[in-house]
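Q: Construct all of the structure, not just a fragment, from the sequences and the given hints.
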Amino acid sequence: MTFANPGDDALRALLKSVKTIAVVGLSPQPARPSYRVAQAMRYYGYRIVPVRPLVDAVLGEKAYASLADIPFAVDLVNVFRAAEHLPAIVEQSLALHSMQRPFPTLHHSPAGIWIQEGIVHEAAAQRAQAGGMTVVMDRCILKDYVRLLTE
Numbered sequence: 040m041t042f043a044n045p046g047d048d049a050l051r052a053l054l055k056s057v058k059t060i061a062v063v064g065l066s067p068q069p070a071r072p073s074y075r076v077a078q079a080m081r082y083y084g085y086r087i088v089p090v091r092p093l094v095d096a097v098l099g100e101k102a103y104a105s106l107a108d109i110p111f112a113v114d115l116v117n118v119f120r121a122a123e124h125l126p127a128i129v130e131q132s133l134a135l136h137s138m139q140r141p142f143p144t145l146h147h148s149p150a151g152i153w154i155q156e157g158i159v160h161e162a163a164a165q166r167a168q169a170g171g172m173t174v175v176m177d178r179c180i181l182k183d184y185v186r187l188l189t190e
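Using the numbering used here, read the sequence shown as starting at 40 and increasing by one per residue.
Calculated from the structure, these hints are not laboratory results. Do not take every clue at face value.
To be verified - Using 25 Å as the maximum straight-line C-alpha spacing, the simulated SDA-like pairs for lysine to any residue come out as follows:
1) K182 - Y83
2) K182 - E156
3) K101 - A150
A: Structure follows, in structure tokens:
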């Protein structure tokens, strides 16, 4: 079975439902694509949560070493890491997705994982889908946001 991205209606619905995006691999360097995309998504109203070890903050938000370290709800995991890191990131996302938290009103798992343009790992994407997550792969979240939700 070959991985297929959701259609435009599903992407639009996902982008409308998301409030908080954990950006795995968010660079503190303004020239990097991850920084520019995250900055623009913040401009469009999303809360951006940097996930990057050894960095205190990016875009004025506290950075976390891993997805498991984030102490609050995240709606979407946006990945800016090389393809070889995707299986581990998917497993971390699925762990959050299936985790039973003691206070479900305070925490919930990410509904989806968005793997940025140029990053492809079929098996990891299929694993996330099989685990119940919405998966978008090899697409830029900013480009799709602009295309689907702005005029």
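Q: Indicate, hint by hint, whether the structure satisfies it.
A: So, going through the hints one by one against the coordinates:
Proximity of K182 to Y83 is assessed by CA-CA distance (about 12 Å); at most 25 Å being required, the pair is judged to hold. Restraint check for K182 and E156: the C-alpha separation of about 10 Å stays at or below 25 Å, so the hint holds. About 22 Å separates the Cα atoms of K101 and A150, which keeps this hinted pair within 25 Å; it holds.
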